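Colleague: Sequence:
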Amino acid sequence: MHGNMMDRPLLVSSIIDHAATTHPHTEIVSRLCEGDIHRYTIKDAATRSKKLANALIKRNISQGDRIATLAWNTHRHYELYYGVAGMGAIAHTINPRLFPEQLVYIINHAEDRWLFVDLTFLPLLEAIKDKITKVEQFVILTDDSHLPETSLPNVISYESLIADESEQFEWPEFDEKQAAFLCYTSGTTGNPKGVLYSHRSTVIHAMASIATDALGISEKSCLLPVVPMFHVNAWGTPFSSAIVGAKMVFPGPGMDGASIWELVDSEQPDLLLGVPTVWLMLLNHMDEIGKKLNSVQNVVVGGSAAPLSMIQRFDEQHDAFLIHAWGMTEMSPIGTINNFTPAMRSMSKDARYSLQLKQGRPCYGVEMKIVDDANQALIHDGKAFGHLMVRGPWITNGYYLNDDRSSFVDGWFDTGDVATIDPDNYLSLVDRAKDVIKSGGEWISSIDLENAAIGHPDLQECCVIGVAHEKWDERPLLLAIKTADSTATADDVKNYLSDKIAKWWMPDDVVFVDSLPHTATGKLLKIDLRKQYQDYLMP
1309 MHGNMMDRPL
1319 LVSSIIDHAA
1329 TTHPHTEIVS
1339 RLCEGDIHRY
1349 TIKDAATRSK
1359 KLANALIKRN
1369 ISQGDRIATL
1379 AWNTHRHYEL
1389 YYGVAGMGAI
1399 AHTINPRLFP
1409 EQLVYIINHA
1419 EDRWLFVDLT
1429 FLPLLEAIKD
1439 KITKVEQFVI
1449 LTDDSHLPET
1459 SLPNVISYES
1469 LIADESEQFE
1479 WPEFDEKQAA
1489 FLCYTSGTTG
1499 NPKGVLYSHR
1509 STVIHAMASI
1519 ATDALGISEK
1529 SCLLPVVPMF
1539 HVNAWGTPFS
1549 SAIVGAKMVF
1559 PGPGMDGASI
1569 WELVDSEQPD
1579 LLLGVPTVWL
1589 MLLNHMDEIG
1599 KKLNSVQNVV
1609 VGGSAAPLSM
1619 IQRFDEQHDA
1629 FLIHAWGMTE
1639 MSPIGTINNF
1649 TPAMRSMSKD
1659 ARYSLQLKQG
1669 RPCYGVEMKI
1679 VDDANQALIH
1689 DGKAFGHLMV
1699 RGPWITNGYY
1709 LNDDRSSFVD
1719 GWFDTGDVAT
1729 IDPDNYLSLV
1739 DRAKDVIKSG
1749 GEWISSIDLE
1759 NAAIGHPDLQ
1769 ECCVIGVAHE
1779 KWDERPLLLA
1789 IKTADSTATA
1799 DDVKNYLSDK
1809 IAKWWMPDDV
1819 VFVDSLPHTA
1829 TGKLLKIDLR
1839 KQYQDYLMP
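Following this note's numbering, the numbering of the sequence shown begins with 1309 at its first residue and continues without gaps.
In short, the hints are calculated from the structure, not lab data. Some hints could be false.
[To be verified] The calculated lysine-lysine pairs, modelled on DSSO-like cross-linking and capped at a C-alpha distance of 30 Å, are:
{"id": "1", "residue 1": "Lys1528", "residue 2": "Lys1677"}
{"id": "2", "residue 1": "Lys1600", "residue 2": "Lys1691"}
{"id": "3", "residue 1": "Lys1802", "residue 2": "Lys1742"}
{"id": "4", "residue 1": "Lys1351", "residue 2": "Lys1600"}
{"id": "5", "residue 1": "Lys1677", "residue 2": "Lys1790"}
{"id": "6", "residue 1": "Lys1691", "residue 2": "Lys1677"}
[Said to hold, decoys possible] Computed beta-carbon distance windows for the label pairs:
{"id": "7", "residue 1": "Met1814", "residue 2": "Pro1332", "range": "58 to 64 Å"}
{"id": "8", "residue 1": "Ser1654", "residue 2": "Asp1521", "range": "31 to 37 Å"}
{"id": "9", "residue 1": "Gln1476", "residue 2": "Leu1833", "range": "45 to 51 Å"}
{"id": "10", "residue 1": "Lys1808", "residue 2": "Asp1627", "range": "23 to 29 Å"}
Owing to the predicted nature of the structure, the values given are computational and were not obtained by experimental measurement. For glycine and all other residues, C-beta sits at the position ideal for the given N, C-alpha and C.
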């Protein structure tokens, strides 16, 4: 027997309609590529999204067509999210940090018909324009007065595109399982894989993320999402903020510490969201100018693990709580969040910091387990290491136009991570399965070792890889970038680590390098380093 409830589709357009009628005066602030700061309201954004939808339909864009964006976090990109998905097309957000050959692959693989691009990224497209010939129209996200000379064909400015369109538009209704957004992974091997989010998954993900025990977003919140809209939809914040009417502050191309501080100082956000490298720049800038992040209450960190030193600096210098979060492109992306809990109030600082280092507990909607190599479930005791498996309504069940099913086992998605889960359901990532170091039959976490080493005041960035060893099969090698004017030696680093890690975890050597390779999302790219240093410890 079914219930008697109405069956209304969960569509992205319903979010912006709700925001425009319930929170019409909520402000959206953007730093633009043109250099100025733009301000308007959610109602303005909703109106312009409808003008965009009218423009697309007039030019024969149909439901299911892929419309690409290569853009920063700005109000125009925000309008594209709603205008494209709302009229039934698919917004394909492209990561500009991908290699040119990867950009060509995903634009062609997605068969993007139109491509909207910020001024900053024009050179990227000009360099590959002869290889992406299926793109029919390029729209530059600016007005005619800032439209530059370009070798791209069929160019129009965004403001010119929507200028004469009607503000009236009735969002169509369709199956909530229809695709809304397409985002490609930034895998370290092979071509990127497309993850196709539905309207249903996007809305449910946004609703779950606003919960107090999740991101805790409300009408009183002011968000500054440095996490990019070109990667996993800025962790869903353009949707979650609109649901509750939270103020949004978009940083645009200003990703350095000084630019972020300028927006923090002027707009007084209470919630920041981004990756550790960005927050390190902000913290260092705050030290330089002797200022404090007075308005900031919470700083969400994802993408890679934040070191203990960062947790301490936010807490002790700025009275801000660092929230570890974990997820993946395949998970829309939020999986777990390590929010402040009542139990933390009675903990010592050291105990709380230790707990904050974990990736957190799953949001409602995400199930997780760890399994051994035979796919047998392991105990959640905080000690057993296993392959992390997840499932839920906003987790992918396959890749776009890709038959690879190797990551999907009995209705679960294999994340490729090795993890522990403690009795309170806190997740701790040990490593990527391909990065964990197996020394003498025991596992060493390269992530934990990196986080311990980065606390050394003379080290700017660290990377740990496993290299071949005659006796132990593999041993850890620490690659590190020193800060300017540092005179640190390998022995200095080992001495620093001596009371912070197990003795057998100690790197066999420390190699100082000028730079380290990264993926398009800022994660360390270890595959080439493992090849380069494979025989480093061998006779």
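Colleague: Range first: 45 to 51 Å. Now tell me if the beta carbons of Gln1476 and Leu1833 are that far apart.
Modeller: 49 Å, holds
Colleague: Are the Cα atoms of Lys1677 and Lys1790 separated by 30 Å or less?
Modeller: Given that 30 Å is the threshold and the Cα spacing comes to 38 Å, the pair is violated.
Colleague: Take the C-alpha atoms of Lys1802 and Lys1742, compute the straight-line distance between them, and say whether it is at most 30 Å.
Modeller: Holds, because 25 Å separates the two Cα atoms, which is no more than 30 Å.
Colleague: Would you check the hint for Lys1691 and Lys1677, treating anything up to 30 Å between C-alpha atoms as holding?
Modeller: 13 Å, holds
Colleague: Measuring from beta carbon to beta carbon, are Ser1654 and Asp1521 in 31 to 37 Å?
Modeller: Violated, since Ser1654 and Asp1521 (Cβ atoms, about 18 Å apart) do not stay within the stated range.
Colleague: Run the distance test for Lys1528 versus Lys1677: straight-line Cα separation, threshold 30 Å.
Modeller: At roughly 35 Å apart (the allowed maximum being 30 Å), Lys1677 and Lys1528 break the hint.
Colleague: Hinted pair, alpha-carbon criterion (30 Å max): Lys1351, Lys1600. Please report holds or violated.
Modeller: Since the Cα atoms of Lys1351 and Lys1600 sit roughly 33 Å apart, the hinted pair is violated (cutoff 30 Å).
Colleague: 23 to 29 Å was suggested as the range; check whether the CB atoms of Lys1808 and Asp1627 agree with it.
Modeller: Because 26 Å falls inside the window, the suggested range holds.
Colleague: Within 58 to 64 Å or not, the Cβ separation of Met1814 and Pro1332?
Modeller: For Met1814 and Pro1332 the Cβ distance comes to about 60 Å; the hint holds.
Colleague: Tell me if the straight-line CA distance from Lys1600 to Lys1691 falls inside 30 Å.
Modeller: 38 Å, violated
Against the hints set out earlier in the document, violations occur for numbers 1, 2, 4, 5 and 8.
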